[in-house]
Structure formats: structure tokens, C-alpha cells
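Asks: Using my numbering, the first residue of the sequence shown is number 898, and each one after it goes up by one.
These aren't lab readings, by the way, just hints derived from the structure by calculation. Don't take each hint at face value.
With a Cα cut of at most 16 Å, we get these calculated EDC-like pairs of lysine to aspartate or glutamate [what the hints assert, rightly or not]:
no.	residue 1	residue 2
1	LYS1135	GLU1161
2	LYS903	ASP923
3	LYS1191	ASP976
4	LYS1023	ASP994
5	LYS1128	GLU983
6	LYS1128	ASP1164
7	LYS1061	ASP1082
8	LYS903	ASP974
9	LYS1128	GLU1093
10	LYS1023	ASP1000
11	LYS1135	ASP994
12	LYS1135	ASP1105
13	LYS975	GLU1072
14	LYS1049	ASP1082
15	LYS1128	GLU1016
16	LYS975	ASP990
17	LYS1023	GLU1072
18	LYS1049	ASP1070
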Amino acid sequence: MEFIEKIREGYAAFGAYQTWYRVTGDLNSGRTPLVIIHGGPGCTHDYVDAFKDVAASGHAVIHYDQLGNGRSTHLPDKDPSFWTVELFLAELDNLLDHLQISDNYAILGQSWGGMLGSEHAIRQPKGLRAFIPANSPTCMRTWVSEANRLRKLLPEGVHETLLKHEAAGTYQDPEYLATSRIFYDHHVCRVNPWPEEVARTFAQVDSDPTVYHAMSGPTEFHVIGSLKDWKSIGRLSKINVPTLVISGRHDEATPLVVKPFLDEIADVRWALFEDSSHMPHVEERQACMGTVVKFLDEACAVPRAALKAG
898 MEFIEKIREG YAAFGAYQTW YRVTGDLNSG RTPLVIIHGG PGCTHDYVDA
948 FKDVAASGHA VIHYDQLGNG RSTHLPDKDP SFWTVELFLA ELDNLLDHLQ
998 ISDNYAILGQ SWGGMLGSEH AIRQPKGLRA FIPANSPTCM RTWVSEANRL
1048 RKLLPEGVHE TLLKHEAAGT YQDPEYLATS RIFYDHHVCR VNPWPEEVAR
1098 TFAQVDSDPT VYHAMSGPTE FHVIGSLKDW KSIGRLSKIN VPTLVISGRH
1148 DEATPLVVKP FLDEIADVRW ALFEDSSHMP HVEERQACMG TVVKFLDEAC
1198 AVPRAALKAG
């Protein structure tokens, strides 16, 4: 029998603002729901839309657009200092409460979403059952140094062209944009042409780059925003739930980038997708979804009541 998606959309009031969300599946199925945290900071849910496939397993899937992005409230006039990790942690908590799942949920954070998810999991919230950091940094300085290493391995002239424009600050120069795309095609998404939902996210970032520029920078590999010194290294041991690390063989989140997850988290496993870069969920969609479902079924198998009793 074919799985028929049950989908509902809505808005969670977050102070004076609105957080858009979508639930695929039944939150009352008896299986732990999965919250998807998109990357950026400043992207949208579109490029991680594929994770809705997980709902066929009985785990409802919640997508949302973080404040300042997508279908949530845009605030292009806010000072860069407004956009903080704490703001987005509060928004996540607010959404969990709004959906009434704060006592039983799992998180999958992709790229920046995994950074935010790490900060959330480090606080050891009582309702968190499992954590999946997908293609995520643990230290932005390592991320940047690895990106520079990968850039130097690209065709001759790519790294030098990028350096020239970064020194001049000419990030919108057509040459810089075209050369950046070479890096993206190698290490961000190797599906050519990009799937429509991936292209849609990048188009939305271009139309309102407020959050991305404030916290990250002009590109994936030139991080000059407020997150440039961020790291979770040394704190990841506080994560006390089963954790699945996802990355791709050609990922900008290289093995060195994700290694602290594996070194510091007690209950951890690693899925490395051989034919993927930064987006195994679109590059190896079926295999990625199967891996996520298997992990969730194992990690969330113990009923919540039994955990409380224990």
C-alpha cells in the first residue's frame, strides 16, 4: 500500500515574529518525531525537503524556516548583532513547545543546523531522544582551514581567483561568483544540474542574505561573520543521547571537521556516504533516508515511559 503523506503547515508565534513550520506525518503515531534544522545560517527548509521521506516510517517530520528566512518573518533592517545562536535556540525551544513535542523528539541538523543542534543537545534537554548532525562543523576555524585546503586542490587558478576577490572585497563580481560555483559543484552538491529545491534555497539566500552575511559571510568558505570563532569542541561530551554523524566523502565537512563528534560523544556512530559531498540527502537520497530511519528506530525504540521509570 502506497504511503500517503499527511501534511499540515502553520506558524508559531515567536515574540513579535512568526516561525513557519510544516509537519509531514502524524505527531501522534507513537513514534518519536524528527525536527529538521536547516543550514546557513540564512538558508531555508527547501534544500532539506527530502527528509520528509522519513515520515513513511511513522516518525513525523517537522521542517521549519528559521527567523529571517523563507516563509518566516524577515528582518532585513536588524543590526548584525541581533542574529545570535541564543536567538535561534530560543526559537527552536518555542517551536517544540508550540507543537507540544518538547517531551519526546529527535533532531537532525544539517550544516549550521547541526551546529545549532549541538548547542541544543549540549544543554541536555529532557525530551531529546536522538541527535543527527549532518555535514556539520565542530569548529569554524577548522572548517575554514579545510575549505582552503580543498580549494587548492581544485583546477588551477580557482584558489588564486577566489583569493584575489576576497582581498578586494568584490564578492558580487561575476568572476568570483562563477569561481565559487566550481567549489560548490565539487564540495556542496555534486548533482548537476542542482535539484530544483536546492536551487530554490540558494535563490532565496541571494534575495535576502541578511542572516547569512551577519553570521557566516559571503560564501561557504569565506567566513567573516559572527560565527567565525565558534566551536563546540570541548563541550560535545555533554551530549547524552544516541548520535548519528552524517557526512559525504567529498564533503566540505571533511573527516577532520567531524572528528570531534566521534571523539567526544559517548554514544556515537558515523555514516560516510561515498558518492556525496555536503548533501547526501539529495546526492544519495534513498541510502541516506534508510540510514536515518534505521538509526531512529534503534535510538528511539525504548518507550519514553520506560526511560522515565529507569
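Asks: Does each hint fit the structure? Answer for all of them.
Replies: How the hints compare with the structure:
1. Using a Cα cut-off of 16 Å, the hinted pair LYS1135 and GLU1161 holds, with the two alpha carbons roughly 8 Å apart.
2. At roughly 7 Å between alpha-carbon atoms, LYS903 and ASP923 fall within 16 Å of each other, so this suggested pair holds.
3. Distance hint between LYS1191 and ASP976 is unfulfilled; the C-alpha atoms sit about 43 Å from each other, more than 16 Å.
4. In summary, the hint linking LYS1023 to ASP994 is supported, as the alpha carbons are separated by about 13 Å, within the 16 Å threshold.
5. Of the pairs offered as hints, the one joining LYS1128 and GLU983 holds, with about 14 Å between alpha carbons and a cut-off of 16 Å not exceeded.
6. Proposed proximity of LYS1128 and ASP1164 is contradicted: the alpha carbons are some 20 Å apart, above 16 Å.
7. At roughly 20 Å between alpha-carbon atoms, LYS1061 and ASP1082 are farther apart than 16 Å, so this suggested pair is violated.
8. For a cut-off of 16 Å, the pair hint linking LYS903 to ASP974 is broken: about 37 Å separates their Cα positions.
9. Only pairs whose Cα atoms come within 16 Å are accepted, and LYS1128 paired with GLU1093 is rejected, the gap being roughly 32 Å.
10. Pair hint LYS1023 plus ASP1000 holds up; C-alpha atoms about 7 Å apart against a cutoff of 16 Å.
11. Between LYS1135 and ASP994 the CA atoms are separated by roughly 23 Å; this puts the pair beyond 16 Å, and the hint is violated.
12. Only pairs whose Cα atoms come within 16 Å are accepted, and LYS1135 paired with ASP1105 is rejected, the gap being roughly 35 Å.
13. Proximity of LYS975 to GLU1072 is assessed by CA-CA distance (about 30 Å); at most 16 Å being required, the pair is judged violated.
14. Taken as a hint, the LYS1049 and ASP1082 pair is honoured in the structure, with Cα atoms around 15 Å apart against an allowance of 16 Å.
15. For a cut-off of 16 Å, the pair hint linking LYS1128 to GLU1016 stands: about 10 Å separates their Cα positions.
16. For the proposed pair LYS975 and ASP990, the alpha carbon gap of about 22 Å is over 16 Å, so the pair is violated.
17. For the given pair, LYS1023 sits about 49 Å from GLU1072 by alpha-carbon distance, which is inconsistent with the 16 Å threshold.
18. Under the criterion of a C-alpha separation no larger than 16 Å, the hint pairing LYS1049 with ASP1070 is inconsistent with the structure, at around 21 Å.
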